[in-house]
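S.K.: Given next are the chains, with one letter for each unit.
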Amino acid sequence: MKKKIIYFIITICALLWVMPVSAQEVTLSMFPPITELFVKPGKTLLIGYTVQNLGDPTTLQFKVRGFSPQGDYGEMTIDNELISPIRFSLDNTDVTFEQPFFMKQRDTTQALLRIRIPEGTPEGDYYFAFLAETQPVPTIGGTTNSLAQATIGSNLLLTVTQTGLIEVKAAIALFSIKPDFIFHLFGKEYQVFESSNKVPVNLIIQNQGKNLIKPNGELTLKSMWGDKRTYPLLSQNILANSKRLIKTTDLNNTDPHLSALLSGYFVGPYSLSTNITFQDDKSQLVSTISFIGIPFKFLATIFGVSIISVFIILFIRKKSKE
Amino acid sequence: MKKVFFITVIAVILCAPPPLQAVNMNSNQYRIQFGTINIGGQKMNDPVNNLYNLTTSLGQTAAGEFDSNGYIVRAGFQYIYSRIPFIFSLSSIRADLGTLMPSTPSTASINVKVSFGGAGQYIVTAAEKGPLKNFSAIPISNTSCDGGINTCTIPLAKQWTSSSAYGFGYNMSGQDVPADFINSTYYRPFADSTVPETPATVMQSVNVTQNLTPTPNPQYTPAPALTGIPRDTTHQATMTFKANISPVQAAGNYYTIIQFLAVPSF
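Going line by line, the protein sequences match chains F and G.
Mapping of the first sequence onto the numbering used here: residues 914 to 1235, in sequence order.
Mapping of the second sequence onto the numbering used here: residues 454 to 719, in sequence order.
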């Protein structure tokens, strides 16, 4: 009888004990996130990409696609096909382009990307993304499914040049602030801020040349009192024939559409200027804008307090007369 | 003897070589970080108010490297500590909407996570590989949301609350999602990569991450020392799929593939 009870309990426990089931997760990592190449035509290079599967076992495939910049904020569009004079191949013995291979959990593989720039390749920039793409597992049926196919990429910015010299041809497309008020006086426009408000700044650089450029410079804020503050600019890539918003190194500015958000108590006229140079090029871009800080809130408070004080004084006098 | 020792010590201290520094030049008017001092050079003037002159040098290290090898390779971003891999994660490869019934909206969610410590900036796009189809290849059209002023498009989310508005779409919530997803009732249709349509951005950060360990390549362009508070470099959002079929559409099971692409910005 005892044996039967023990057998019964073990059977019940076995039936109730269920392994936790989780949906199949995909987590991929890739390094390096970006590679910049300056190459002479006729050269061949080898770049190693480390790809790690940090999720469940999956099937991956490698591919290379061209991309082009979009908009002012570092966005990009990846092409569906690879059409380029640059030649790509994988040096791996066990992996080829667009051929799925299996990766276990925590498995790491290195993709050895061979890049050949044929003789006669036109000088200029070529932009590519090296992609690792999971293969969706076919649905077994039974329910409506959206199957997710995950692709992780790394950008490859390739400059083909015979001399090593690049074309630096840039302009300031936009250097502006967003004032609280604007007023015109004697044909001149004045941009006004409430003194305690932050000053949003936008700086967009246009690259009119055929090679990517990197701005080096800063924003400089000067007050009529002689105070001066500088905000270094991040040396972000501006791809050929595109525009890009350049941010300052102030990481407290989390607005993606602003270069900087200047904080302080601004009283009186200010000038905000930018000086930008590019790589080894000697030319520089310079622009200056001005604004006025007026302590409206402070003045309104003083005015309000004065009015109330006058009323109180008048009231007290009236009372004392009575 | 003590005197000689004392004089020697003093002489050694006085004649000790000065501390070595990187060639950083600055004044109130200009600054050059990691300036390269070589032969030759050229003067340039401040074109605006002629306040200063700046002398540039010739013979950059990179140029010499290019001449001898025929190439220069630079991996990683110069202004952040790039030795952190870029990581992309989906909580599930399957979003299960169940068996679709007419005028009964069905939803399912997956989490999208990006860790971009070494990438600084990133972008995640999504597109469908054809519309949702059943096994007879009958498709469910992509949603237009509630229609009228609430007609959504691939790049613009609008409200989708009506049970008589049919189709297939998605909502995004969480970090770095487009601003047009005002709340959980705002949806967009997917771009169809088979058309082909340009995939829509579903997550994006243009904010460069904190340089926790500033290690700029010294042979590279000036990398300013970054300041500020450390920022969380793993961002997460939720994509909610929604499907609603009309009474003339066959109830049952439908299927499609959603292509997610995560890349660092350039």
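Hint data in this document are derived by calculation from the structure and do not stem from the laboratory.
Among the hints, a few may not be true.
Claimed, not checked - In silico lysine-lysine, DSBU-like type, Cα no more than 30 Å apart, as pairs:
1. F:1232 - F:1135
2. G:582 - F:1017
3. F:1082 - G:586
4. G:586 - G:566
5. F:1017 - F:1091
6. F:953 - F:1141
7. G:582 - F:976
8. G:695 - F:1195
9. F:1091 - F:1210
10. F:1210 - F:1141
11. G:566 - F:1156
12. F:1017 - G:566
13. F:1123 - F:1141
Said to hold, decoys possible - So, partial list: chain G residues that the calculated Cβ filter (under 10 Å) puts toward chain F:
14. 525
15. 526
16. 545
17. 555
18. 559
19. 568
20. 587
21. 591
22. 627
23. 629
24. 633
25. 691
26. 700
27. 701
28. 717
Think of the CB as a built atom: it goes at the ideal place given N, C-alpha and C, for glycine as much as any other residue.
S.K.: Each of the hints needs a verdict: does it hold here or not?
M.R.: We went through each hint and held it up to the structure:
Straight-line distance between C-alpha atoms of residue 1232 (chain F) and residue 1135 (chain F) comes to about 53 Å, which puts the hinted pair past the 30 Å bound. Between the alpha carbons of residue 582 (chain G) and residue 1017 (chain F) the distance comes to roughly 26 Å, so the proposed pair stays at or under 30 Å and holds. Restraint check for residue 1082 (chain F) and residue 586 (chain G): the C-alpha separation of about 50 Å exceeds 30 Å, so the hint is violated. The hinted pair formed by residue 586 (chain G) and residue 566 (chain G) meets the criterion: a straight-line CA distance of about 28 Å does not exceed 30 Å.
Distance check on the hinted pair: residue 1017 (chain F) and residue 1091 (chain F) sit about 52 Å apart at the alpha-carbon level, beyond 30 Å; violated. For the hint pairing residue 953 (chain F) with residue 1141 (chain F), the CA-to-CA distance comes to about 45 Å; that exceeds 30 Å, so the pair is violated. Taking the CA atoms of residue 582 (chain G) and residue 976 (chain F), the gap is about 18 Å. The hint holds against a cut of 30 Å. Simply put, residue 695 (chain G) and residue 1195 (chain F) have alpha-carbon atoms about 56 Å apart, too far for the 30 Å limit, and the pair is violated.
With a C-alpha separation of about 19 Å, the suggested pairing of residue 1091 (chain F) with residue 1210 (chain F) holds against the 30 Å cut-off. With a C-alpha separation of about 25 Å, the suggested pairing of residue 1210 (chain F) with residue 1141 (chain F) holds against the 30 Å cut-off. As the CA atoms of residue 566 (chain G) and residue 1156 (chain F) are separated by approximately 28 Å, the hinted pair is consistent with the 30 Å bound. Straight-line distance between C-alpha atoms of residue 1017 (chain F) and residue 566 (chain G) comes to about 20 Å, which keeps the hinted pair within the 30 Å bound.
At roughly 36 Å between alpha-carbon atoms, residue 1123 (chain F) and residue 1141 (chain F) are farther apart than 30 Å, so this suggested pair is violated. Among the interface hints, the one on residue 525 (chain G) holds; its C-beta lies about 4 Å from the nearest C-beta in chain F, closer than the 10 Å criterion. The closest approach between the C-beta of residue 526 (chain G) and any C-beta of chain F is roughly 6 Å, which is under the 10 Å cut-off, so the hint is satisfied. The restraint placing residue 545 (chain G) at the interface with chain F holds, with a minimum CB-CB distance near 3 Å, inside the 10 Å limit.
Against a cut-off of 10 Å between C-beta atoms, the interface hint on residue 555 (chain G) is violated, since the closest Cβ of chain F lies about 13 Å away. Taking 10 Å as the C-beta contact cut-off toward chain F, the hint placing residue 559 (chain G) at the interface holds, the least distance being around 7 Å. For residue 568 (chain G), the interface hint holds, since its Cβ comes within 10 Å of a Cβ in chain F; the closest pair sits about 8 Å apart. Interface restraint check: residue 587 (chain G) against chain F, minimum CB-CB distance 9 Å, threshold 10 Å, status holds.
The interface hint given for residue 591 (chain G) is violated, since its Cβ lies 13 Å from the closest Cβ of chain F, which is over the 10 Å cut-off. Interface restraint check for residue 627 (chain G): the shortest CB-CB distance to chain F comes to about 15 Å, outside 10 Å, so the restraint is violated. Because the closest C-beta pair between residue 629 (chain G) and chain F is about 8 Å apart, less than 10 Å, the hint holds. Look at residue 633 (chain G): its Cβ only gets to about 14 Å from chain F, farther than 10 Å, so that hint breaks.
Among the interface hints, the one on residue 691 (chain G) is violated; its C-beta lies about 13 Å from the nearest C-beta in chain F, farther than the 10 Å criterion. About 17 Å separates the beta-carbon of residue 700 (chain G) from the nearest beta-carbon of chain F, more than 10 Å, and the hint is not met. For residue 701 (chain G), the shortest C-beta to C-beta distance to chain F is roughly 17 Å, which exceeds 10 Å, and the interface hint is violated. The beta carbon of residue 717 (chain G) comes within 4 Å of a beta carbon in chain F, closer than 10 Å, and the hint placing it at the interface holds.
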